[in-house]
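There are 2 protein chains.
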Amino acid sequence: MKVSIIGIGLIGGSMARALRIAELADQIYGVDSNKEHIKVALELGIIDKEIELAQTPLQSDLIIVATPVNHIVEIVSSLLDLVTDQIIIDVGSTKSTLMAAIKSHPKRGRFVGTHPMAGTEYSGPQAAIPDLFINRCSVLVDIDDSDRDAVELVENVYRSMAMTIVYHDSADHDIHSAYVSHISHISSFALALTVLEKEKNEKRIFELAGGGFRSTVRLANSNADTWVPIFEQNRDFVLDVLDEHINTISKFRTMLIKKDFQGFREMIEQANQIKKIVN
Amino acid sequence: MKVSIIGIGLIGGSMARALRIAELADQIYGVDSNKEHIKVALELGIIDKEIELAQTPLQSDLIIVATPVNHIVEIVSSLLDLVTDQIIIDVGSTKSTLMAAIKSHPKRGRFVGTHPMAGTEYSGPQAAIPDLFINRCSVLVDIDDSDRDAVELVENVYRSMAMTIVYHDSADHDIHSAYVSHISHISSFALALTVLEKEKNEKRIFELAGGGFRSTVRLANSNADTWVPIFEQNRDFVLDVLDEHINTISKFRTMLIKKDFQGFREMIEQANQIKKIVN
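Those sequence lines, one after another, are chains V and H. Take the first sequence: its position 76, counted from the start at 1, is 76 in our numbering, and no numbers get skipped. Take the second sequence: its position 213, counted from the start at 1, is 213 in our numbering, and no numbers get skipped.
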C-alpha cells in the first residue's frame, strides 16, 4: 500500500514508523509546510519522498492527515474534492467541527475520522516512535458516514499497530476527550506555571523535582501549535470539565483552611480509586 | 555498619535495599507497627530481623526513621533519650515541626534531618526499589545543629546511593517542598477526582487514557496515611501555593470564556519553560 502523511510530527511520524514495521506501507510520502520536518523525516527514513498535497490522491491508497486540528477541515475538504476510491483519515484530537464541515460532501464515504489515544510531550518528526500506539485505544468516529471498505482498512491499520478500537459519535468523542485528555493538559500547564511563579529559583526546582513532580508536569511541555486549536475547537466541553476541576481543587483548599483533615483524607482515598481504572 | 529502619515502606525499604547494594550495611533491623510489612520485608530480604524500637540504639550504628511524618517527632525524641554516639536520621517530607520539637534536646547533635527527594505512587515494602534515589537530590536540614561526624556519615550514605546533596534550613525546606512536591500531589488528586466525577463510565476513562493522562494522574495513587500528615504539618505553605495554582487555572478558564486564544497560547508557551529545568 502507498501511504501519504500530511504533517510529519510526533503522531504522523509515529504512524509512518508503525506502518512500516507492520509491513503495511511499501512507500510513504510526506507533506509538511515545515521544510525542516521534511528534511528530518527523510534523514530518519520516516518518509521516502516529499510530495505536494494535491498529488497525494494520485500517488497513494491511504492519506493520513496529522496536522494541528485547525488545518484539518481545509485539508480534508480539498482532498475529498480530489479522491476517487482512495481513503483519507485524520488523527486529530477534536471531531465535531470537522465532521460537521464535511457532512454533505459527495465523497464523505472515503473519509474515516480517527483519534489514536497516544502521545508524548514531545513534537516533531524526531519525536516519532514506532511503538507509541501499542496497547492504546483508537477511537473511530461517526463510522456510519464512511464506506464499509474504508472503515475495514482503517481497522486493519490500527489493529496492525496493536491498538484496540472503539466507536464513538463525534459529539461523544469530544466530550470524553475533554473529560480525560484535554483537562490533563490544562492541569499540567497550570502546575508548571504555578511552580515557575512561586519558585523563582530555578535551581531549587531542579533540586527538589522528584519523579512525582516530573511525571505530573510532563504534559506542560506540550506544543502550543497543537494544543491551542484543540482548546479552541473543544472550548465548551473543556470549560465544563474545567469548572469541575476548579471546584475540586477549591474543596482541598477549604478543607486545609478549616483544618478538616478527615475530609482531606476522604478525598485522597476517593482519588485513589483511579488506580483501579488506569493501572 | 548495623542499621535499623523504623517504618519499612516505600522509602524505608528502598533505603535498606540501596544500603545493601552500596555494601554500607552488614545487618539491617526493621521496626514496623504493621506486622504484615515486617513479614513481607523479611521474605523479600529487605531486613534481616525484626527488632523492638527501644532496642535499636543498642543494636545499630545508624537508625533511619521512615514513618509517616505524624509519628516522627515522638519516635525521634524517644530515640534521642536513648542514644550515646549512634546516629539517627529521618527521611520525612516536612521538617519545621520536627526540628522545633527536638531543638533543645541534649542529644540533638546525634540527629540529622534529611529528605531524599524521591518516591513513587506505590507504598509498602513490596514497592521498595534499590535504585529509587539514583540521580535524585537529598536535602540535609539545619545541619549546624548536628554533630560533624553525624553529618559526614549521612553525606556518605546518600552519596553511596548516587544522590546529590543540598543544604536548607527547615523553614526553607518546607516552603520549597510545598512549592514543588506537595502541590503536585494536590493537583494530581484533584485531576483524578475531576475525571471520576465527570466521567461516570469507567470503561471510557480506561479507553481514552493515553500516556499523558496516566502520567499526570500517577500521583493520585499516593497513600493517605503518608500524605495527610504532610499536608497537616505544612498547611500554611501549601495554602499559599494552592492559591496561586487556583488563580492560574482560573486564568485559563477566563481566557477560554473570553475566547482569548492568543493569551492561552502565551500561557502554554510560558508553561513550556519548565522543560529547560526538569528535562
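Hints in this document: simulated from the structure, not taken from any laboratory. Where is the CB? At the ideal position from N, CA and C, for every residue including glycine. It cannot be assumed that every hint is accurate.
Mimicking DSS-like on lysine-lysine, the simulated pairs with C-alpha atoms at most 25 Å apart in a straight line are [as the list claims (entries may be wrong)]: (1) V/K198 x H/K251; (2) V/K275 x H/K203; (3) V/K198 x H/K203; (4) H/K275 x V/K200; (5) H/K276 x V/K200.
One side of the interface only, derived from the structure: several residues of chain V facing chain H at Cβ under 8 Å [stated by the list, open to error]: (6) I102; (7) S104; (8) V151; (9) L153; (10) V166; (11) S177; (12) A224.
Outcome of the hint check:
For the given pair, V/K198 sits about 16 Å from H/K251 by alpha-carbon distance, which is consistent with the 25 Å threshold. For the hint linking V/K275 to H/K203, the alpha-carbon distance of about 13 Å falls within 25 Å, and the restraint holds. Only pairs whose Cα atoms come within 25 Å are accepted, and V/K198 paired with H/K203 is rejected, the gap being roughly 38 Å. Distance restraint check for H/K275 and V/K200: the Cα-Cα separation of roughly 15 Å lies within the 25 Å cut-off, and the hinted pair is therefore satisfied.
For the proposed pair H/K276 and V/K200, the alpha carbon gap of about 14 Å is at most 25 Å, so the pair holds. The beta carbon of V/I102 comes no nearer than 23 Å to any beta carbon in chain H, farther than 8 Å, and the hint placing it at the interface is violated. A hinted interface residue such as V/S104 counts as satisfied when its beta carbon comes closer than 8 Å to some beta carbon of chain H; here the least separation is about 27 Å, so the hint is violated. Because the smallest distance between the Cβ of V/V151 and any Cβ of chain H comes to about 18 Å, over 8 Å, the interface hint for this residue is violated.
Hint status for V/L153 relative to chain H: violated, with the closest Cβ pair at about 22 Å, above 8 Å. At a threshold of 8 Å, the smallest CB-CB gap from V/V166 to chain H is about 5 Å, leaving the interface hint in force. The restraint placing V/S177 at the interface with chain H holds, with a minimum CB-CB distance near 6 Å, inside the 8 Å limit. Hint status for V/A224 relative to chain H: holds, with the closest Cβ pair at about 4 Å, below 8 Å.
Hint check: violations occur at hints 3, 6, 7, 8 and 9; the rest are consistent with the structure.
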